[in-house]
Every structure is written in structure tokens, then in C-alpha cells.
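Asks: Residue numbers (my numbering), protein chains in the order written: chain D, 91 to 233; chain C, 91 to 233; chain Y, 91 to 233; chain S, 91 to 233.
No false leads were slipped in.
Straight-line Cα separation of at most 27 Å, DSSO-like style, residue types lysine-lysine; simulated pairs: (1) D/K196 - D/K94; (2) Y/K196 - C/K196; (3) S/K196 - Y/K181; (4) S/K196 - D/K181; (5) C/K181 - D/K196; (6) Y/K196 - S/K181.
Note that these hints are calculated values from the structure, not bench results.
There are 4 protein chains.
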Amino acid sequence: MELKMTLEELRVFLDREFPQVAEDFVLEDLGEMRIRVRLRVNERHLRPGGTVSGPSMFALADVSVYLATLAMIGPQALAVTTGCSIDFMRKPQAGADLIAEARILKLGRVLVVGDVLIHSRGVEAPVARASMTYSIPPAGQAG
Amino acid sequence: MELKMTLEELRVFLDREFPQVAEDFVLEDLGEMRIRVRLRVNERHLRPGGTVSGPSMFALADVSVYLATLAMIGPQALAVTTGCSIDFMRKPQAGADLIAEARILKLGRVLVVGDVLIHSRGVEAPVARASMTYSIPPAGQAG
Amino acid sequence: MELKMTLEELRVFLDREFPQVAEDFVLEDLGEMRIRVRLRVNERHLRPGGTVSGPSMFALADVSVYLATLAMIGPQALAVTTGCSIDFMRKPQAGADLIAEARILKLGRVLVVGDVLIHSRGVEAPVARASMTYSIPPAGQAG
Amino acid sequence: MELKMTLEELRVFLDREFPQVAEDFVLEDLGEMRIRVRLRVNERHLRPGGTVSGPSMFALADVSVYLATLAMIGPQALAVTTGCSIDFMRKPQAGADLIAEARILKLGRVLVVGDVLIHSRGVEAPVARASMTYSIPPAGQAG
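All chains should be built: construct the whole structure from the sequences, respecting the hints.
Replies: Quick look at the structure:
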């Protein structure tokens with residue numbers, strides 16, 4: 091399958107549609123059915139002890155699979171997150187950015203399923219894994 | 091089972107341990123194995139279209155079961171979130187706070203499991219459901 | 091909302107469509123958006139030590155929300171299970187049947203979400219909780 | 091890390107501990123933190139239309155991560171399944187066995203997390219994905 095958006099087009103989309111959070115994310119690499127996104131960890135993402143908060147990791151997983159989906163289907167169809175299951179496995183490295191490696195496992199007309207592994211930059215062992223599901227509104231109902 | 095902390099003590103704990111987010115949450119009602127928490131929805135929680143973001147709902151579910159757990163076991167044992175599964179079912183009401191009704195289903199020595207229903211204030215139909223799991227570190231290892 | 095099927099009609103449907111497993115389940119009580127189903131525990135469901143197997147509990151949760159959905163939308167639309175998240179919390183009572191209390195949290199045109207609490211007959215503390223999601227095929231595409 | 095059990099030892103363990111279901115599973119390949127297991131699909135696993143049942147796929151995912159865990163920690167510590175989240179993505183190929191590729195993402199002293207991709211033999215696109223969590227009883231309490 092062909093990509094319908096480039097990394098640069100995803101970047102512009104993110105800046106325009108999600109201005110509150112767009113600057114947190116660096117879109118590092120894009121391929122067919124997959125993307126790598128980095129969370130620029132800052133004060134707002136931290137919990138006592140220097141660990142990255144659960145909601146920040148959830149947001150990273152969600153953005154990653156969402157953008158990988160848009161890259162495949164184009165920006166006109168606004169996917170809606172319908173479900174997430176996430177396991178927190180290790181404490182993130184203090185002071186390190188987080189990297190999400192996301193892939194799409196099913197790209198249906200109605201449902202999209204993806205999964206994500208998150209690790210601290212420079213550390214191989216994953217800190218979290220997530221699976222995400224999205225619903226695609228019927229054509230003509232989007233936006 | 092007896093509660094080991096009051097709503098007021100949970101409030102003080104939240105303000106001290108999670109100052110970045112404490113003001114977002116209103117602890118409304120506490121009982122044995124359950125709590126009701128309100129998310130004061132503001133700009134930071136919103137997505138385009140006025141809907142509350144997924145990470146904000148995740149944070150509400152997590153805080154709720156976490157505090158219900160602390161109320162039962164006391165503040166010395168710092169529970170760690172190990173897993174979450176969440177279904178987003180409806181669009182939250184624009185401009186309305188979110189209410190989480192959380193209950194603990196299992197309070198083990200090592201593992202805690204709870205679930206949460208979230209609805210918009212004044213609307214009965216739930217916008218999300220979540221189940222949360224926590225690991226309790228062995229006594230003597232906590233913070 | 092009105093029920094489109096009675097307990098007796100669900101029973102006939104189950105016997106006809108799922109003859110391999112139908113006799114395992116007793117449909118005990120049906121209401122709007124909810125059902126209670128009992129698993130007749132026998133040799134086939136057991137693991138060493140007399141505990142009921144995980145797959146048997148999964149099957150009970152799945153059948154319960156599935157039937158509660160059919161009761162609301164009628165038998166013509168064949169729902170497909172798209173996701174399940176389940177927490178196993180306690181060891182079931184040896185020799186006791188399992189009871190599932192299922193409710194539907196969202197009955198959409200395309201997606202259905204329900205949750206289930208399972209306990210051993212005669213014991214209040216739940217042995218498992220599950221949330222189930224189903225996709226409803228567009229009218230005209232069913233079976 | 092070194093494997094503490096061979097494929098042959100896992101085979102013997104499965105036959106002895108789970109005689110009711112052992113013959114359903116072929117242990118195909120074992121490595122550090124991963125295993126490949128095949129479900130020999132037969133009448134008992136099927137639903138109307140020739141599709142493999144959800145509980146059968148759950149059982150395959152559970153057995154796979156369980157055996158991969160035992161291979162790493164040895165047979166003395168009996169892991170207990172505490173949670174599962176599963177997405178059903180495609181209809182399995184009629185008449186084809188199912189292959190599970192499982193890997194362990196976290197092997198802690200207390201908690202184990204693994205994930206699994208399941209596909210029909212000879213078809214690359216996955217029919218299901220699952221994540222599984224296990225609790226390891228403290229040494230001395232097992233069996």
C-alpha cells in the first residue's frame with residue numbers, strides 16, 4: 091500500500107489540529123503501516139521521582155498509531171480512538187526522551203488496530219506496550 | 091474493612107505528591123472500596139471540537155482508583171500502575187466537568203484491580219469505562 | 091428501550107447457532123441492557139487443582155454480552171467480537187458454577203461495549219471482570 | 091539469559107499438567123524470551139461458518155506466553171494468569187491451523203508481561219493480537 095501523507099504533511103497536520111500538544115512530539119520515521127515518534131520529555135510530563143506520567147505515555151501511544159493511520163488513509167477521514175490497553179513494565183529513564191515504535195496490524199474500512207512499544211531513548215528494554223483501536227467514520231461524515 | 095484515610099487526608103496527599111495536577115481533581119465522595127472524583131475540565135484538557143482528550147480521561151481514571159486504593163491501605167505503600175484498559179464510548183459534553191465513579195474489585199497484598207465509569211456532569215450515559223491494575227511494593231521497599 | 095428477544099428466544103437461538111457449547115450455559119435473568127448467565131461447570135472447564143480455566147471464563151463473558159446485545163437488537167444482525175480485556179482476580183470456588191452479570195454500556199449502530207463481573211455461585215467476591223467490544227455489520231451484510 | 095527448559099521438557103510438562111488440552115498444541119520453536127506454538131484446529135475449536143472460536147484463540151495465546159515464561163524461569167514456579175487483552179482482527183482461514191508467535195516483554199520477579207500475534211498457517215496477516223500478564227508466586231509458595 092502507498093503512503094497518502096509524508097512525514098512533513100503529518101507534521102503540518104499535527105501543528106494545525108493539535109496545537110496544544112504538537113510541540114511535544116518529534117516525528118522521526120515513517121513507513122508503510124508504521125511510524126516512530128519521540129516524546130520530548132519536559133516538566134509537564136514528569137511525576138515525583140522524575141518518572142514520566144502514565145497519561146503522557148498514553149498520549150504518545152495514541153498520537154503514534156493515529157498518525158500512522160492518517161498516513162495510510164489520508165487526512166480527510168478523522169479516526170476516533172475507541173479503545174486502549176496499556177501495560178506499564180519499567181520505570182522510564184530519568185531525563186530521557188521516550189521513543190514509540192508503532193505499527194498498524196489491521197487497517198479496515200471501519201476499524202483500525204495498532205500496537206506500540208515505548209522505550210527510553212538509548213535503552214532497549216521497553217517501558218510500556220499499548221494496543222490502540224480506532225473507528226473510522228463513514229465517508230461524508232468526517233469533519 | 092475500615093478506611094485508613096479520609097477524603098481530607100487524600101486531598102492533602104494529592105496536593106503534596108502530585109502538585110502539577112492536583113488542582114484538576116475534586117474529591118467528591120469516598121466510601122469503602124470506592125470513590126467519586128470530578129475532573130475540572132479546562133483548556134488544557136480539550137481537543138479541537140471541545141471534547142476532552144483521551145489522556146485526560148486516562149488520568150482521571152488512574153487518579154481515582156489510585157486514591158481509592160490509598161484510602162484502604164494507607165499512604166505509606168506507594169502503588170504503581172501496571173496496566174489499564176479503557177473504552178471510549180461517547181463524546182463528552184462540551185464544557186461539562188467529568189465525573190469518575192471508581193470501585194476496587196480486588197485488594198490483594200500484591201495486586202489491586204479496580205474499574206471506573208466516567209460520565210459528563212449532568213449526563214447519565216457513560217463516556218468511558220476503564221479498568222486499572224496496580225502493583226503494591228513489598229513493605230519496607232516503598233518510597 | 092424495548093427488548094427484541096425473550097430469554098426463551100435467546101435460548102432457542104443459542105441451541106441452534108452454537109450447539110457445541112449451548113448446554114454449558116443457563117440463561118438466568120434478562121433485562122434492558124443486561125443479562126445473568128450461569129456456566130454449568132464440568133470436567134471440560136477445569137484445570138489441575140479444580141479451578142475453572144481462563145478460556146472457560148472468557149467464553150462465559152463473551153456469550154453473556156453477546157446475548158444481551160442480541161436481546162436489544164434482534165437476531166438478524168450478527169455481532170462479531172472485536173476485543174476483550176479481562177482481569178482474573180481470584181481462584182474460583184472448586185465445584186461451584188460461575189455466574190456472569192453482564193451489562194451493555196454502549197449500544198451503537200456500529201460498536202457495542204459491555205462489561206461483565208463473574209463470581210462463583212454463592213460467593214460474592216468476583217473471580218474475574220471483563221470488558222467486551224463487538225462490531226455490528228451494516229444491515230444487509232449479516233449472515 | 092539462559093533457557094531453563096527445552097522444547098521437549100515443555101512438551102512433557104504440558105502433557106502432564108494439562109492433559110485435557112495438551113494434544114491441541116504443537117510446540118514448534120523456542121528461543122530466549124519467545125516461542126512459536128501451533129493450534130491443531132479441530133471440530134471442538136470451530137464456530138458456525140468454520141471460524142475458530144474466541145476462547146480457542148485466547149487459550150492459544152495463554153498457553154504460548156505461559157510456556158515461554160516457564161522456559162525462562164523453570165517449572166517449579168507456577169505462574170498465574172492475571173490479565174489478558176485481545177483484539178480479534180480478521181476471520182481465521184477455514185480449515186487452517188493457527189500459529190502463535192509469542193514474546194516476553196518483561197520478566198520480573200513478580201510480574202510477567204508478554205504479547206502474541208496469531209495468524210492462520212500460510213497466511214501472513216494476523217487474525218488476533220493479545221497481551222497477557224502473569225503473577226509469579228513468591229518462592230516457597232508454589233505448587
